[in-house]
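**Q** Each chain, written out:
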Amino acid sequence: AQRVTQPEKLLSVFKGAPVELKCNYSYSGSPELFWYVQYSRQRLQLLLRHISRESIKGFTADLNKGETSFHLKKPFAQEEDSAMYYCALIGGGKLIFGQGTELSVKP
Amino acid sequence: GAGVSQSPSNKVTEKGKDVELRCDPISGHTALYWYRQRLGQGLEFLIYFQGNSAPDKSGLPSDRFSAERTGESVSTLTIQRTQQEDSAVYLCASSPKTLNYGYTFGSGTRLTVV
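So the protein sequences, as listed, match chains A and B.
Okay, so the first sequence: first residue is 9 according to the numbering used here, each after it adds one.
Okay, so the second sequence: first residue is 3 according to the numbering used here, each after it adds one.
Among the hints, a few may not be true.
Unchecked claim - Beta-carbon label-pair distances, calculated as ranges:
# : chain 1 : residue 1 : chain 2 : residue 2 : range
1 : B       : V76       : A       : T76       : 36 to 42 Å
2 : A       : G74       : B       : V76       : 43 to 49 Å
3 : B       : G18       : A       : T76       : 40 to 46 Å
4 : A       : E87       : B       : G18       : 42 to 48 Å
5 : B       : S29       : A       : K73       : 17 to 23 Å
6 : B       : E16       : A       : T68       : 45 to 51 Å
7 : A       : P26       : B       : P57       : 41 to 47 Å
8 : A       : P26       : B       : K59       : 41 to 47 Å
9 : A       : S36       : B       : G30       : 28 to 34 Å
To be verified - Sample of chain A residues facing chain B (criterion: CB under 8 Å; computed from the structure):
#  : residue
10 : L18
11 : L19
12 : F22
13 : R51
14 : L54
15 : R57
16 : I59
17 : G101
18 : K102
19 : F105
20 : G106
21 : Q107
To be verified - Coverage of chain B stretches by chain A, computed from C-beta distances (three or more under 8 Å per stretch; other residues unrestricted):
#  : region
22 : 43-52
23 : 98-104
Calculated directly from the structure, the hints in this document are not laboratory data.
It should be emphasised that the depicted structure is a prediction, and the values quoted were computed from it without experimental measurement.
No residue lacks a Cβ here, since even glycine has one placed at the ideal position from N, Cα and C.
Model the full structure from these sequences, guided by the hints.
**A** This is the structure in structure tokens:
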């Protein structure tokens with residue numbers, strides 16, 4: 009079965025601390041993975057795609073096929089990073105989302 | 003249009019009534035998706051349309067839920083005989099035929115069944 013698991017519902021860190029939001033997936037073949045972000049009172053928006061290997065707002069994510077993971081990382085969290093983060097993969101012609109992790113960055 | 007537009011943004015309805023939610027995708031996007039987001043939960047896939055192909059209805063939770071799409075434009079999601087557990091934010095998204103760049107989401111319709 010194709011599935012995305014985000015084990016943490018809530019992650020709380022202090023400003024300036026490193027942050028890692030975990031994402032594990034179940035997929036046969038080569039997955040295409042994404043991270044979406046939803047800031048307070050805003051719509052869901054694409055943060056980054058694994059195939060582009062980009063860094064957006066200081067965030068990066070590396071696909072680890074051995075561990076079937078696509079964790080989102082940032083070395084120094086900022087208060088404006090506080091949001092809901094969703095990991096997703098393409099399966100069956102649509103995006104399959106994880107349950108989401110709420111990131112809270114405290115001053 | 004410039005983005006995905008959903009209406010209404012908020013809807014309060016009495017249990018047992020029918021509701022219609024509307025989604026206007028980005029012009030030229032052939033694919034359109036509906037998701038449900040219950041409070042404190044993730045995004046639950048409902049249905050998607052891809053061009054003129056038969057829609058994938060595999061996520062619809064019951065036969066009270068249905069959706070239509072006219073060509074590659076507007077879609078309506080209809081919930082008949084609403085129940086309190088239908089209360090959620092209903093999200094619509096659209097994409098080009100390939101998903102390499104993911105979806106563009108609308109701002110959602112918050113449905114409250116009282």
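**Q** Does each hint fit the structure? Answer for all of them.
**A** Each hint, compared with the structure:
1. The given range of 36 to 42 Å is respected by V76/B and T76/A, whose C-beta atoms sit roughly 38 Å from each other.
2. Taking 43 to 49 Å as the suggested C-beta distance range, the pair G74/A and V76/B conforms, at roughly 45 Å.
3. Judged by the Cβ atoms, the range 40 to 46 Å given for G18/B and T76/A holds: they are separated by roughly 44 Å.
4. The given range of 42 to 48 Å is respected by E87/A and G18/B, whose C-beta atoms sit roughly 45 Å from each other.
5. Range check, S29/B to K73/A: Cβ separation about 37 Å, and the 17 to 23 Å hint is violated.
6. In this structure the hint that E16/B and T68/A lie 45 to 51 Å apart at CB holds, the actual value being about 48 Å.
7. About 43 Å separates the C-beta atoms of P26/A and P57/B, a value consistent with the hinted range of 41 to 47 Å.
8. Take P26/A and K59/B: their Cβ atoms lie about 43 Å apart, and the range 41 to 47 Å holds.
9. Between S36/A and G30/B, the C-beta spacing of about 32 Å keeps the proposed range 28 to 34 Å intact.
10. This hint is violated: L18/A has a C-beta 10 Å from the nearest C-beta of chain B, more than the 8 Å allowed.
11. Contact between L19/A and chain B, as hinted, is not supported at the beta carbon level, the nearest pair being about 15 Å apart and thus beyond 8 Å.
12. With 8 Å as the threshold, the beta carbon of F22/A stays out of range of chain B, its nearest partner Cβ sitting at about 24 Å, so the hint is violated.
13. With its C-beta approaching chain B no nearer than about 5 Å, R51/A sits inside the 8 Å limit, and its interface hint holds.
14. Given the 8 Å rule on beta carbons, the hint for L54/A holds: about 5 Å separates it from the nearest Cβ of chain B.
15. Contact between R57/A and chain B, as hinted, is supported at the beta carbon level, the nearest pair being about 7 Å apart and thus within 8 Å.
16. A least Cβ separation of about 7 Å between I59/A and chain B falls short of the 8 Å threshold, and the interface hint therefore holds.
17. Using the Cβ-Cβ criterion of 8 Å, the hint placing G101/A at the interface with chain B is satisfied: the shortest such distance is roughly 6 Å.
18. The interface hint given for K102/A is met, as the beta carbon of that residue sits about 5 Å from the closest beta carbon of chain B, less than 8 Å.
19. Hint status for F105/A: holds, given a least beta-carbon distance of 4 Å to chain B, under 8 Å.
20. Annotation: G106/A was flagged as interfacial toward chain B, and the flag holds, the nearest CB pair being 6 Å apart, inside 8 Å.
21. The restraint placing Q107/A at the interface with chain B holds, with a minimum CB-CB distance near 4 Å, inside the 8 Å limit.
22. Residues of the region 43-52 of chain B lying with their CB closer than 8 Å to a CB of chain A number 6, which satisfies the three-residue condition for coverage.
23. As drawn, the region 98-104 of chain B meets chain A at 4 residues by the rule of a beta-carbon pair under 8 Å; at three or more, the given contact holds.
Violated hints, in rising order: 5, 10, 11, 12; the structure is consistent with all others.
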